[in-house]
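These protein sequence lines map, in sequence, to chains A and B.
In terms of the working numbering, the first sequence is numbered consecutively and its last residue is 293.
In terms of the working numbering, the second sequence is numbered consecutively and its last residue is 141.
The set of hints was computed from the structure by calculation and includes no laboratory data.
Given the structure is predicted, the values throughout are model-derived calculations rather than measurements.
Glycine is no exception: its CB is placed at the ideal position from the N, C-alpha and C atoms.
Careful, some of the hints might be misleading.
[Stated by the list, open to error] Computed Cβ-Cβ distance ranges for the label pairs, DEER-style:
#1 R232(A) / H37(B): 34 to 40 Å
#2 S233(A) / K41(B): 43 to 49 Å
#3 K208(A) / R36(B): 32 to 38 Å
#4 K292(A) / A80(B): 44 to 50 Å
#5 Q191(A) / R91(B): 28 to 34 Å
#6 S194(A) / K84(B): 34 to 40 Å
[As the list claims (entries may be wrong)] Computed list of chain B residues with no C-beta within reach of chain A, every gap over 10 Å:
#7 T40
#8 F92
#9 S129
#10 R137
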Amino acid sequence: SQQGEEDPQALSIQEGENATMNCSYKTSINNLQWYRQNSGRGLVHLILIRSNEREKHSGRLRVTLDTSKKSSSLLITASRAADTASYFCATDLYNFNKFYFGSGTKLNVKP
Amino acid sequence: DTGVSQNPRHKITKRGQNVTFRCDPISEHNRLYWYRQTLGQGPEFLTYFQNEAQLEKSRLLSDRFSAERPKGSFSTLEIQRTEQGDSAMYLCASSLIKGGASYTFGSGTRLTVV
Chain A
183 SQQGEEDPQA LSIQEGENAT MNCSYKTSIN NLQWYRQNSG RGLVHLILIR
233 SNEREKHSGR LRVTLDTSKK SSSLLITASR AADTASYFCA TDLYNFNKFY
283 FGSGTKLNVK P
Chain B
28 DTGVSQNPRH KITKRGQNVT FRCDPISEHN RLYWYRQTLG QGPEFLTYFQ
78 NEAQLEKSRL LSDRFSAERP KGSFSTLEIQ RTEQGDSAMY LCASSLIKGG
128 ASYTFGSGTR LTVV
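With the hints as extra help, turn the sequences into a complete structure.
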């Protein structure tokens with residue numbers, strides 16, 4: 183079974199609006215990462231947040247992590263049409279060496 | 028070195044045939060991973076290598092699947108006696124050996140079994 187699950191499964195917004203995606207996971211983790219995938223392509227790493235961090239920023243991206251709730255959120259501010267993609271969270275279980283991916287949120291940003 | 032390279036990009040094969048995919052990781056990355064992704068789903072872990080050693084295999088990797096990484100450089104994933112259920116995107120990723128290292132993914136090989 184998947185370790186992480188994203189919510190919502192799909193999100194459609196207008197250009198300029200903010201997009202928020204959530205990820206819930208089941209067991210303790212070392213790190214949580216967010217990846218983006220354009221249709222039919224490989225995944226691109228966006229941001230990593232460690233289990234002892236609560237918030238990280240990178241450009242228009244803001245990630246939060248709440249280990250007590252086993253959840254994370256990805257906020258994309260001032261979205262652009264080019265942000266249209268699927269977004270996945272990936273978690274490494276404590277002391278494991280591989281990442282588990284959720285089923286993703288498909289984001290559509292309308293121009 | 029421009030990233031992780033996967034070949035071929037697309038492969039169409041008849042059921043029962045064998046196929047082999049290749050992945051060339053970033054040269055300084057010690058770890059190499061294979062994932063499989065079906066439509067609308069996230070990538071599922073198949074196996075990973077640290078240098079030339081295959082350290083873990085998922086139970087998704089049936090005995091028809093074999094992966095190698097000779098000399099700790101490129102890797103191959105072979106599927107024997109392909110079935111329609113093998114149709115998927117096969118993704119390769121590489122990373123450094125350190126806690127929380129991010130993956131660099133290739134563009135994947137799209138396999139269609141007809």
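Checked hints:
no., hint, result
1, R232(A) / H37(B): 34 to 40 Å, "holds (37 Å)"
2, S233(A) / K41(B): 43 to 49 Å, "holds (47 Å)"
3, K208(A) / R36(B): 32 to 38 Å, "holds (34 Å)"
4, K292(A) / A80(B): 44 to 50 Å, "holds (48 Å)"
5, Q191(A) / R91(B): 28 to 34 Å, "holds (31 Å)"
6, S194(A) / K84(B): 34 to 40 Å, "holds (39 Å)"
7, T40, "holds (19 Å)"
8, F92, "holds (17 Å)"
9, S129, "violated (4 Å)"
10, R137, "violated (7 Å)"
In summary, the numbered hints that this structure violates are 9, 10.
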